[in-house]
Amino acid sequence: MRKQKTQLPKITLVGLTTRTNNKNEMNPRTSKIGALAGLYWGNQVANSIQHRAKPEVTYAVYTDFESNEHGDYTYFIGEAIDSLQDQDLEKFKTMTIQASNYQKFTTESGKMPEVVISAWQEVWAMKENDFGGKRKYVADFEVYDERAIDPNNTVIDIYIGIEE
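Under our numbering, think of the first position of the sequence shown as 0, with each following residue one higher.
These are computed hints drawn from the structure, not numbers from a lab. Watch out, some of these pointers could steer you wrong.
[Claimed, not checked] No more than 30 Å apart at the CA atoms, straight line, and that leaves these computed lysine-lysine pairs for DSSO-like:
#	residue 1	residue 2
1	90	4
2	135	9
3	110	53
4	2	110
5	31	133
6	9	92
7	103	92
8	53	31
9	103	133
10	53	103
11	2	90
12	135	22
13	92	53
[Said to hold, decoys possible] The following label-pair restraints were derived from C-beta to C-beta distances:
#	residue 1	residue 2	range
14	17	95	14 to 22 Å
15	42	132	33 to 41 Å
16	25	108	22 to 30 Å
17	56	137	19 to 27 Å
18	26	121	19 to 27 Å
19	5	148	19 to 27 Å
20	23	85	33 to 41 Å
21	162	42	32 to 40 Å
This structure is a prediction, so every number in the text was calculated from the model and none was measured. Ideal Cβ positions, reconstructed from N, Cα and C, are used throughout, including at glycine.
Throw the hints in and build the complete structure from the sequences for me.
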């Protein structure tokens with residue numbers, strides 16, 4: 000994976016959420032992320048989100064960490080928006096990723112979901128020095144854009160929040 004230290008501005012998102020942990024995600028019977036992502040893309044949920052800032056760019060966010068990658072967290076999948084006006088807040092959740100420093104990892108091209116799983120396994124094996132700062136465990140996220148359209152040839156970016 001390629002990596003690059005970067006700073007991002009605040010991003011406001013609208014989408015769907017679930018609460019889970021990595022232990023449950025390793026078991027197909029207790030996994031929630033695949034089902035939620037399947038619902039999101041299968042039902043073209045993005046088309047129901049108003050005022051999308053970057054149509055065709057989906058954010059998958061890991062936030063509200065109980066502790067670190069071993070504890071519970073909230074998984075959010077959705078779109079960046081320019082305005083909360085006209086959003087169906089009974090159907091969708093909102094979240095804000097605060098401006099922060101990140102280590103951005105870009106995957107090699109691969110098949111979904113293996114390319115994502117492999118990338119996270121690399122991230123989990125990293126030490127603090129590999130991140131260029133201490134992990135914040137506030138909001139880490141994946142960005143799915145035009146490079147992720149072909150499920151057999153997918154590239155994504157993973158952003159890991161870091162302290163400087």
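Original post:
Do residue 56 and residue 137 keep their Cβ atoms within the hinted range of 19 to 27 Å?
Top reply: Hint holds: Cβ distance 21 Å, inside 19 to 27 Å.
Original post:
Quick one, are residue 103 and residue 92 close enough, alpha carbons at most 30 Å?
Top reply: The hint holds at about 25 Å.
Original post:
CB of residue 26 to CB of residue 121, is that within 19 to 27 Å?
Top reply: At 21 Å between Cβs, range holds.
Original post:
Regarding the pair residue 103 and residue 133, is the alpha-carbon distance no greater than 30 Å?
Top reply: holds, 14 Å
Subject >> Agreement of residue 92 and residue 53 with the hint, judged by alpha carbon distance not exceeding 30 Å >> reply: Holds, at about 18 Å.
**OP:** With 33 to 41 Å as the target window, see if residue 42 and residue 132 comply at their CB atoms.
**Re:** holds, 38 Å
Subject >> Assessment of proposed distance window 22 to 30 Å (beta carbons of residue 25, residue 108) >> reply: holds, 24 Å
**OP:** Using the beta carbons of residue 5 and residue 148, state whether their distance is inside 19 to 27 Å or not.
**Re:** Cβ of residue 5 to Cβ of residue 148: about 23 Å, so the range 19 to 27 Å holds.
Original post:
Hey, residue 31 versus residue 133, does the alpha-carbon distance stay inside 30 Å?
Top reply: holds, 28 Å
Original post:
Given the proposed pairing of residue 53 with residue 103, does the C-alpha separation stay at or below 30 Å?
Top reply: holds, 19 Å
**OP:** Assess, step by step, whether the Cα of residue 2 is no farther than 30 Å from the Cα of residue 110, and give holds or violated.
**Re:** Holds, because 20 Å separates the two Cα atoms, which is no more than 30 Å.
Original post:
Under the criterion that the straight-line Cα-Cα distance not exceed 30 Å, is the pair residue 135, residue 9 satisfied?
Top reply: Holds - the C-alpha atoms of residue 9 and residue 135 are around 16 Å apart, at most 30 Å.
Hint check: violations occur at hints 1 and 11; the rest are consistent with the structure.
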